[in-house]
Amino acid sequence: MTETAKPISTKALIAASLPRRYRAEQRFRLYGRAAILLAISALALLLFSVGSQGFTAFSIYRFNLPLQLDAKLIDPKHTADPKVIAKGRYRKLIQKALSDAFPEVRSRSDKRALYAFSTGLNSVDLRNQVVKNPSLIGTQIRFTAPLSDDLDLYLKGKITPRKFGKGDGTLTASAPGPKTLTLTGQPGAFEALIQHIRQKRLVQASRLETRAEKLRERIKGANKEVAVVQQTEIKRLENLAADMRQKAKEHTIHLDKLDPSILIDFNQGFIKAIKLSDHQITGTPLLSPTSLEPTQNWQSLTLDSPERARRVTDKQAAWAEALLARGHVKRSFNSIFFTHADSREPELAGIAGAMVGSILTLMATMLAAVPIGILAAIYLEEFAPKNRLTDFIEVNINNLAAVPSIIFGLLGLAVFLNMFHMPRSAPIVGGLVLALMTLPVIIIASRAAIKAVPPSIREAALGIGASKTQTVFDHVLPLAAPGILTGTIIGLARALGETAPLLMIGMVAFIADIPKSLTSPATAMPVQIYLWASSAERSWESRTAAAIIILLLLMIILNLTAVFLRHKFERRW
Amino acid sequence: MAALVVVMLLAWFNGRTKAMASAGAHPSTLHSLPGYSGTYLAIWSVLPAFILLALFGLFGDLLLNLQMRQNLPADIRALPVEQVELFMRNARALAFGGTASETSTALQEAAKAYANLSRISNFVVIGAVILLTIGGFLYARGRLGKNFRARNHVEAVIFGVLVVCSGIAILTTLGIVLSLLTESLRFFSEINALDFLFGLKWSPQTALRADQVGQSGSFGAVPLFAGTFLITFIAMVVAAPVGLYSAIYLSEYAKPATRRIVKPILEILAGVPTVVYGFFALLTIGPFIRHAAETVGLSAQTQSALSAGLVMGIMIIPFVSSLSDDVINAVPQALRDGSYAMGATQAETVRNVVFPAALPGIMGALLLAISRAIGETMIVVMAAGQSANLTANPLEPVTTVTVQIVTLLTGDQEFDSAKTLSAFALGLVLFIITLGLNIVSLRVVRKYRERYD
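From first to last, the protein sequence lines stand for chains A and B.
Just so you know, we're using the numbering used here here: the first sequence kicks off at 559 and counts up by one.
Just so you know, we're using the numbering used here here: the second sequence kicks off at 8 and counts up by one.
Any given hint could be a false lead.
[Stated by the list, open to error] DSS-like cross-link-like pairs, simulated, lysine-lysine; straight-line CA separation at most 30 Å:
1. A:Lys873 <-> A:Lys724
2. A:Lys873 <-> A:Lys714
3. A:Lys807 <-> A:Lys721
4. B:Lys454 <-> A:Lys1009
5. A:Lys1009 <-> B:Lys25
6. A:Lys1026 <-> B:Lys25
7. A:Lys1026 <-> B:Lys153
8. A:Lys1126 <-> B:Lys270
9. A:Lys807 <-> A:Lys833
10. A:Lys669 <-> A:Lys645
11. A:Lys944 <-> B:Lys454
12. A:Lys805 <-> A:Lys758
13. A:Lys1126 <-> B:Lys153
Worth flagging that the hints you see were computed from the coordinates, not collected in a lab.
Full structure from sequences and hints, please.
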């Protein structure tokens, strides 16, 4: 049957297969490109997410208020005794300054909300100022301190975006009751706000509907009892959604607790809208306007997340806006972050302590690892006989370079802390542990550098009568120095970013002072990052990211130095 | 210390002058350069004293402790170990101005004895140091002279220092092995090794007092091994293809200019501190995965094996890619040329010729990457969770060996409880596994390199 089939020539076979093979070729290349792209975009995403979270922490909102240093609260008996002055009620003074800014705040809960603008620890700063300069007592000073972290986040728009709408036309006010205020504008003045609320309600409704839908999907296979329970839940969700849709159609909007907050900035006061029609707003004043004169100069502030879902109340928001408008709150460079050590309050926390700790640790690492590493490399490369022992050392070093860093931490804990009773949390112990860890890196890099020096150098030195030691130390080592230095810096940069071994030897403690010596308790930059990252409050996030930015910058500087040195001194033989 | 430095400088100058003087008008007749004589004298006056000081610094405390323990009253020595430890700690605190948790007359006595002993030992050591310094100085000075071979002696010392320095690498390994072994043996004397290795339940909370309930403390490490394995597996699923394909593309296809730019960028991934990856996993990847899982109707937590594994995979991409890159580059060009000559396309050459030839080396690279992933700590501590879950679901939080070591050893606790000792047992397991992987992979890579060299 087949004998008639014409033998297909190999050439034709190949030609037929070529398109397929070329497509495979293209695909293969594409995979390669995709892999590289994936890796690079992962890096970009990492840097972007850290960068975008971190940069806000480099500025901070500070309040700046006139503060009466009342002698009655500091030194009632005029003793002028520093001990008495140090025990003054500075916290109270700051609170007074805050309530002076808003005299209308009377109720206890409101006052507490207002005092939350300043952390209690700010009083330490005030006390130090007064103790240093007791003549201030009885005078009025301007007191500047960081705003508490929640308010800081609010003003940065991180809690919920602050959406301002420029007012359109003249707004007149009337007060039908003691706690209500009616604002009337031109027709359509509030149309945009109404649309916004309607849209939000519709979004909310469809979100509820999808949730109901998902539940419905899920109970299809479930048993009867569960289905009954879920059925009521579905019903509830659907009712809520229908209610929402209905409310979105309202002609006059009645804002409730699920809606965004709308604040109207009117004559330096803030009115929270309760009822909203296209030209009229009825609401409660959060902060009373200075007058009820009609004005064209008004604006609306919309906070999308409902009040009970955020950590800053509408009142606090109104006060913060007012302080900002009066110039009592200003955004400025966050110098605290660079000059303070760790603190329980995010707004007072800084990386100076961790930075000094890192520098001290790295110093100890360098003092221990660099000489030992270089000398060991010299021995192994120049002097060591080729025997079992040196082979063993070599295998050893290669393996040590790949031992997980946490094992070095265990070693440090068992040997340095428990056997030699060195102090816990001290940079010297951390430095030694990191030194053991970087030693193999330095040895390997130094050996490579020494090996790269050509034998002619050695032979020339030996030829004019230098001893072996003189040859190595006076001729080979200087020529290998740039390579050794590069390897050393890269090793130290890695040590700078290492966290796990430091956790083992107790450098994770909360330390609120900048360490002063190699034996005082300290943390290091990466450990500080770890500590902050495990804190719950939102405002730590940006500070963690900012600390990461600093750490990465330090590492980049170290690595660039290494690259620069290599380019400057590199010598090809 | 400062005194020793001054003595050293003085001795150096003295030795140098003496050597010059001994040569008289012809310094060239000296055997060694005068500087060597100075160094010789300096070494002899300082080194013995320094060694003594270092030994005292390292072991003085230990000896003092032992001595104290011998002298403790019998009734205290009869107490259980922890209480003796506590007593000693309090005595130390009282003697050196710390804060003791309690005071009693016996404690006061002990503290006084302690302080005395420490004062005496300090005096003895300082005296010995001074004697050694003077003795060494005089002995060495007596030997200096015109024909004295100062250089050879100095070089011998330098040689000794070099040997000691390279021995530190061995000492470190020895220290690791010994410290892990001794603590692990103490742990295994309390808990059966088989229960540890094959037990299915991990809850290291042991009862502090006998009457506490619900604190049984079970040390079955299988959930930890499973968690470690799961995360390592996910990481390798990410890193192996991405790393390999990048290596292939970079070494076979990319133009030199592209290579020059892309390679360092990939290396940056290896240089980013792991705590940064942990932060990234916790705040970016974790929430993203939870969100994505919820939109498909799965439940997930922010801390999950998946987020830790993905991020760890990103971290080890450069390990895989740069090692495989080296390996692929080492494949001789002749193999490729032969394949091209047969009419194979470039992709076919890579897949059927270069890749099989490089396979042993690539396996070595992957093993090294696995060992790196197993030993990685910070990413999993921050992103994988702490609960010992025995699960294969990557969306659930799991815990790993390294996470447990960290949680067991951070915070203040007694050093002798089974809970803290178990961390060392885990460390031992970790060390053995990673060491095994390293040895195998290093050997494979080296063998492979020799084949084509």
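Violating hint indices (sorted, rising): 5, 13
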